[in-house]
Structures are given as structure tokens and as C-alpha cells.
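A.B. asks: FYI, in numbering that gives the first Met the number 0 the residues of the first sequence are 0 to 556.
A few of these clues could be false.
Stated by the list, open to error - Taking lysine to aspartate or glutamate and the EDC-like style, the derived pairs with C-alpha atoms no more than 20 Å apart in a straight line are:
#1 Lys270 <-> Asp482
#2 Lys270 <-> Asp284
#3 Lys268 <-> Asp279
#4 Lys403 <-> Asp447
Unchecked claim - Pair by pair, the computed Cβ-Cβ distance ranges are:
#5 Asp488 <-> Gly282: 17 to 23 Å
#6 Arg202 <-> Ala533: 41 to 47 Å
#7 Ala89 <-> Ala533: 26 to 32 Å
#8 Glu431 <-> Gly282: 36 to 42 Å
#9 Thr228 <-> Glu377: 26 to 32 Å
#10 Thr133 <-> Gly553: 52 to 58 Å
#11 Asp281 <-> Gly430: 35 to 41 Å
#12 Pro495 <-> Gly553: 38 to 44 Å
#13 Gln273 <-> Val187: 44 to 50 Å
#14 Asp488 <-> Gly554: 31 to 37 Å
#15 Ala312 <-> Glu358: 57 to 63 Å
#16 Asp488 <-> Asp239: 38 to 44 Å
#17 Val425 <-> Gly553: 28 to 34 Å
#18 Glu377 <-> Gln552: 35 to 41 Å
FYI, nobody ran anything at the bench for these hints, they're computed from the structure. Here the structure is a predicted model, which is why all the values come from computation and not from measurement. In this text, a Cβ means the ideal position worked out from N, Cα and C, and glycines have one as well.
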Amino acid sequence: MDSEKPRNFIQQIIERDLSAGVVTQIVTRFPPEPNGYLHIGHAKSICLNFGLAEQYGGACHLRFDDTNPEAESEEFVNAIIEDVRWLGFAWHGPVRYASDYFEQLHAWALHLIEAGKAYVCELTAEQIRDYRGTLTEPGRPSPYRDRPVAESLALFEAMRAGEVEEGCMALRARIDMASPNINLRDPVLYRVKRVAHHRSGTRWNIYPSYDYAHGQEDAIEGVTHSICTLEFEDHRPLYDWLIDNLPVPSRPRQYEFGRLNLNYTVTSKRKLRQLVAEGDVDGWDDPRLPTLAGLRRRGVSPAAIRAFCDSLAVAKTDGVVDMAQFEHFIRADLNESAPRALCVLRPLRLRLTNWPAAEIQTLRLPNHPQRPQLGERELAFGAALYIDRDDFSTDTSLSRKRFKRLVLGDWVRLRGAYVIRAEDVVRDAAGEVVEVLARIEPDTLGADPPAGIRPRGVIHWVDAGTAVDCEVRLYDRLFAEPDPEAAGDFRQALNPESLQVRQGCKAESTLAGAVPGAALQFEREGYFCRDPRAGERLVFNRTIALRDTWARQGGEG
RNA sequence: UGGGGCGUCGCCAAGCGGCCAAGGCAGCGGGUUUUGAUCCCGCCAUUCGGAGGUUCGAGUCCUCCCGCCCCAGCCA
0 MDSEKPRNFI QQIIERDLSA GVVTQIVTRF PPEPNGYLHI GHAKSICLNF GLAEQYGGAC
60 HLRFDDTNPE AESEEFVNAI IEDVRWLGFA WHGPVRYASD YFEQLHAWAL HLIEAGKAYV
120 CELTAEQIRD YRGTLTEPGR PSPYRDRPVA ESLALFEAMR AGEVEEGCMA LRARIDMASP
180 NINLRDPVLY RVKRVAHHRS GTRWNIYPSY DYAHGQEDAI EGVTHSICTL EFEDHRPLYD
240 WLIDNLPVPS RPRQYEFGRL NLNYTVTSKR KLRQLVAEGD VDGWDDPRLP TLAGLRRRGV
300 SPAAIRAFCD SLAVAKTDGV VDMAQFEHFI RADLNESAPR ALCVLRPLRL RLTNWPAAEI
360 QTLRLPNHPQ RPQLGERELA FGAALYIDRD DFSTDTSLSR KRFKRLVLGD WVRLRGAYVI
420 RAEDVVRDAA GEVVEVLARI EPDTLGADPP AGIRPRGVIH WVDAGTAVDC EVRLYDRLFA
480 EPDPEAAGDF RQALNPESLQ VRQGCKAEST LAGAVPGAAL QFEREGYFCR DPRAGERLVF
540 NRTIALRDTW ARQGGEG
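Generate coordinates for the entire structure from the input sequences, incorporating the hints supplied.
C.D. replies: Here is the structure:
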């Protein structure tokens with residue numbers, strides 16, 4: 000796409016294939032197993048596969064690798080389809096399923112048996128493991144390895160017919176028990192699973208293994224470049240062996256790239272499933288999870304995810320990307336798109352003593368400081384306001400540089416409104432400040448104050464008379480450790496402060512009608528969106544805080 | 001003392017034998033600013049896991065060594 004950007008190794012291969020005429024049009028595929036929700040790691044693969052197809056005028060298929068009915072379900076199928084759509088990609092043709100090819104896959108299994116290249120083995124799983132040998136010792140041939148073709152054919156039929164117990168028989172490829180590559184030591188092609196499949200129902204009692212199915216699915220679909228992650232590198236010889244030994248209609252090639260790893264989180268379906276199952280999070284769409292559903296609920300846009308994924312290297316190194324890099328793209332996107340609003344998270348009453356109690360002025364504030372095209376909104380402004388407790392201090396010794404907010408006796412600007420000066424406070428019985436009494440400086444709306452009055456800074460506010468109450472959920476990283484799995488149980492590394500719920504927050508009136516999921520910036524606080532799952536209740540999820548150089552450098556608040 | 005991969009700035013990474021080793025993130029310094037945001041400017045690897053070697057010339061080629069990741073599911 001970007002002519003400046005250097006081509007990654009897969010693009011180089013594709014360009015070479017295209018110019019050499021090896022292929023005239025490329026076909027890629029995104030092949031999720033419907034056994035969990037998609038996460039940010041899958042997004043990289045999705046962007047890569049769909050991106051390549053788009054870039055080279057090819058096609059990308061969405062194909063479910065549903066060869067293991069025990070772990071898979073329609074719920075996951077639907078969630079995955081929704082997530083891919085949400086990311087903004089359109090697959091070529093219908094949604095495809097490995098299960099659509101079960102009949103063909105079975106016919107080809109017969110072909111292998113007849114060619115003496117596969118046999119039914121009656122070793123148990125444990126025995127197979129034992130016969131397989133180890134990393135340093137070769138395996139031994141199964142006693143069933145040389146059984147007559149007819150016998151294998153009959154047994155395989157019995158397996159299919161449901162006449163065989165699970166675990167008693169398997170169809171194995173006949174390759175090389177002494178291969179240094181363990182994947183070639185007569186891998187299992189079909190296993191007996193007498194369970195219903197979410198799509199094929201009870202039609203099958205045997206299901207193909209990933210290794211047997213995947214390449215053939217690719218060949219059936221005419222996939223030219225089958226892109227997967229590094230851990231499948233060892234499987235490529237098997238992938239090729241099957242393609243070479245079967246009358247498949249096309250010749251796909253497998254290429255492997257390094258998957259995305261992010262620090263301070265986990266991107267493994269097993270671990271995500273565990274977090275959901277153990278109740279450590281709210282569900283697959285918990286905003287703290289790196290699942291696409293979670294990111295969506297958190298307020299991260301598809302554009303931000305795509306920009307992030309496009310910034311990642313497609314290479315054979317497997318590194319760990321800093322969460323800060325992802326956060327950078329989230330902020331960059333939100334800064335551009337999010338309309339601004341005012342919301343006070345820790346309300347403290349402020350009364351303007353020189354403003355007529357009954358007078359309400361209507362102020363117009365821009366929705367975006369740099370993008371006037373996003374329009375303006377009207378906000379009521381009266382004598383009773385709310386400001387954030389963190390934006391006020393009675394400590395008059397605080398320097399202007401250290402505390403650019405409201406201090407008793409000093410001036411501050413109310414964002415989009417007037418300059419005020421704090422005159423006094425009202426305390427409760429416990430001595431706690433419950434209200435600030437302030438005077439407004441006239442003629443400072445949209446104008447600089449007279450010489451001699453230098454506001455310390457700008458703080459946000461909300462008109463008490465029209466404010467709406469809301470709940471705000473402040474999310475932080477799910478894990479307190481960069482590498483959660485470093486010290487044993489990753490759940491030990493969970494960040495106990497990953498979710499802070501603030502009740503009784505005061506939002507500007509326009510926020511009452513906030514559209515669920517739509518990005519917003521609460522000025523000086525961060526990016527938020529109304530929680531789509533909270534119904535009528537006004538609940539905002541913090542997508543991400545604003546970059547805060549001050550706090551990072553040891554400042555407070 | 002099995003096989004397959006990978007090692008370039010704190011993180012990601014470009015580099016495909018010939019100007020001073022791209023870029024992004026993070027960080028640091030400064031400017032603008034009615035968000036301590038954004039934006040802008042500047043700084044940030046005499047060195048490419050290590051040691052030898054080939055070459056007029058090597059991060060790029062060769063040799064050896066070191067380190068890290070993956071593989072012994074009838075998971076994908």
C-alpha cells in the first residue's frame with residue numbers, strides 16, 4: 000500500500016510468484032478454529048491475510064477450521080464472524096468451513112490407504128506416544144503399520160460407522176518413524192470422536208486432524224499462500240507430503256510468520272478461556288481483555304487496531320511488542336475522532352458568589368479544538384458548579400509550576416468559560432472541604448483576563464443544575480507484570496486495580512444521550528465510551544487515559 | 001551428543017557486500033497551547049549475540065561458538 004514501506008518477506012514472495020507467473024491471482028485465508036473469541040493476535044493475522052489479498056488484487060477467504068467438535072461451537076462461529084466484520088474486512092465468497100469438505104477429505108483418506116500411505120493403527124494414545132520415540136531417539140513402527148490395505152479399509156469404514164470406541168483406532172499416515180521431524184513419524188490423520196458436530200451433526204464418528212485437513216482445505220479453495228504462525232514451521236514437510244501424495248486440485252504453499260505478543264496481557268485462547276471461566280473477568284468481552292469483543296466494548300476502534308497491526312513487522316522473529324505501542328495507536332485515532340466533553344469524576348461543589356443565583360448562561364463549546372468541522376455544543380453555566388476534588392487545593396504554598404489548578408486565593412480558568420478566583424471554602428464537621436466559594440472575573444469568556452490576573456491553568460467543570468449522574472469505570476492493564484506467564488501461574492500476576500468503578504460522577508448534560516460505543520474524550524481525563532452493555536444506565540468505560548507527562552514525571556493528580 | 005527457527009538502540013524493526021546503520025514506540029530537552037492533551041523542533045546504536053576468516057570493502061559471505069523460541073496431543 001505505502002510505497003515507502005519496505006516489503007516484508009511474504010510480500011516479496013508474492014511479488015516473485017506473481018511476476019514469475021507461478022500464480023496469476025493470489026488467494027489467502029483466515030482460518031480460525033471456533034473454540035474461543037478472536038484477540039488482538041488474530042487481528043494481526045486478519046490484517047495480514049485480508050491486506051495482502053487487497054493489495055495484490057486477490058481474494059481472502061474466511062474459513063473455520065472446525066475439525067474438533069469437542070471444543071467448538073456455533074457461539075464462537077458467530078462471535079468470530081461479527082469480529083471480522085467489525086474490523087472492517089469482507090471475505091471473498093461465502094463463509095467456509097472445513098466441515099464442508101469432510102466428504103472429500105474422507106475420500107482422499109481412502110486414496111492414501113489404497114496407495115499404502117496410510118493405515119489404521121490400533122495402538123492406544125499412550126502406546127502411540129511410546130512408539131513415537133523421543134526428540135533424540137527414533138520411533139518404532141507400529142505393529143499395524145504393514146497390515147493389508149483391505150484390512151485398513153474395512154477398519155476405517157468401521158471407525159466411520161461408529162462401530163469403534165474412541166481411542167482404540169486411528170488412521171495414520173505411513174511416512175517415517177525415524178524422521179528427526181516428529182511430525183513425520185506416522186502422524187494421526189483421523190481419530191474416532193463419537194460426538195456431534197455443530198454443523199455436520201451426528202453424520203460423522205471420525206474427524207480429520209488439523210495436519211491432515213488444513214492443506215487439503217487450502218488446495219480445495221485454491222489458496223495460493225497459506226500463512227500461519229511460526230510453530231507450524233515443523234509441520235510444513237507434512238503439509239507438503241500430503242499435497243504431494245493426494246490428487247488435490249491446486250498446490251498451496253505454507254509460509255510462517257511470527258505471531259504478535261504484547262506485554263502486560265495474554266494472547267492465548269487457553270489462558271483467555273481460563274480467565275473467563277474462573278470469573279477473573281466479566282466475560283469474553285470484558286474491556287480489560289485483548290479480545291476484539293473486549294477492545295470494542297472498551298472503545299478501541301477498528302481503525303486503531305488496523306493501524307497498529309499495519310505498523311507491526313511481518314517477519315520470522317517472535318518478539319514482544321510493548322503495550323505502549325498499541326496504546327499510541329489507540330490515542331492517535333481517538334484524538335482525531337473523539338468529540339470532547341466535560342465530566343467530573345470526583346465532584347466537589349463550587350459556588351460562584353458573584354453570579355446571580357438564578358441566572359443561567361448558555362455557553363457554546365467546540366467539540367474539538369483542532370477540528371471545527373465537528374461542530375459545537377451548548378452548555379448551561381450557572382452559579383452552582385462541580386469541579387474535580389483533585390483540581391482544588393487549600394495549600395497556598397503550592398507553586399504555579401507544580402500545581403496548575405485551583406488554589407485558595409488564586410485564579411484558574413474554567414475550560415471554555417470564565418476565569419475564577421477561589422475565595423473561601425465550606426467544611427463539614429469533619430473538616431473536609433465540601434464546597435468552594437469563588438468569584439468570577441467578568442469579561443473573561445473567550446478573552447484574556449486583565450493584566451495582573453494570571454490563571455494557574457485550566458480545569459474542567461460541570462453545571463450542577465443540568466449535570467447528569469453517571470458511573471465511570473476506569474480500566475487499567477489486566478496484569479501488573481510485563482510477562483504474566485513468567486513466574487508460573489499467570490493469574491498470580493493479575494493487576495488488582497485493573498478496574499476502578501466511580502459512582503456519582505457528574506457529566507455535562509449532552510452526555511445523557513451518549514451513543515453506546517461512540518468515542519468521547521472527557522477533557523483532561525481520557526477517552527471514554529458509553530458501555531453498550533449497561534442498558535439505560537449511564538455508564539462510561541474509559542478506553543485509555545490521556546498521555547500524562549506530568550504524572551509520569553512524578554507529578555500528582 | 002534430534003529436528004526446525006531466530007539473534008541490529010529499553011521495545012518493535014529496515015538493511016538482500018560499497019555514501020556518516022532507516023523508521024515507529026518509549027525516553028529526554030525546548031517551543032506553541034483556554035485539555036499538565038494535541039501539535040512543532042531537537043537529542044537518543046563509531047555499532048549490528050561472540051570470536052575468527054574471505055574481501056580493496058561485511059550487519060550483509062564462510063567457519064566455529066553462545067543465547068533464545070518451537071516440536072515427543074487421537075489440540076489447532
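A.B. asks: Would you mind marking each hint as holding or not holding in the structure?
C.D. replies: Here is how each hint holds up against the structure:
no., hint, verdict
1, Lys270 <-> Asp482, "holds (13 Å)"
2, Lys270 <-> Asp284, "holds (14 Å)"
3, Lys268 <-> Asp279, "holds (15 Å)"
4, Lys403 <-> Asp447, "holds (17 Å)"
5, Asp488 <-> Gly282: 17 to 23 Å, "holds (21 Å)"
6, Arg202 <-> Ala533: 41 to 47 Å, "holds (43 Å)"
7, Ala89 <-> Ala533: 26 to 32 Å, "holds (31 Å)"
8, Glu431 <-> Gly282: 36 to 42 Å, "holds (38 Å)"
9, Thr228 <-> Glu377: 26 to 32 Å, "violated (52 Å)"
10, Thr133 <-> Gly553: 52 to 58 Å, "holds (55 Å)"
11, Asp281 <-> Gly430: 35 to 41 Å, "holds (39 Å)"
12, Pro495 <-> Gly553: 38 to 44 Å, "violated (23 Å)"
13, Gln273 <-> Val187: 44 to 50 Å, "violated (27 Å)"
14, Asp488 <-> Gly554: 31 to 37 Å, "holds (36 Å)"
15, Ala312 <-> Glu358: 57 to 63 Å, "holds (60 Å)"
16, Asp488 <-> Asp239: 38 to 44 Å, "holds (39 Å)"
17, Val425 <-> Gly553: 28 to 34 Å, "holds (32 Å)"
18, Glu377 <-> Gln552: 35 to 41 Å, "holds (37 Å)"
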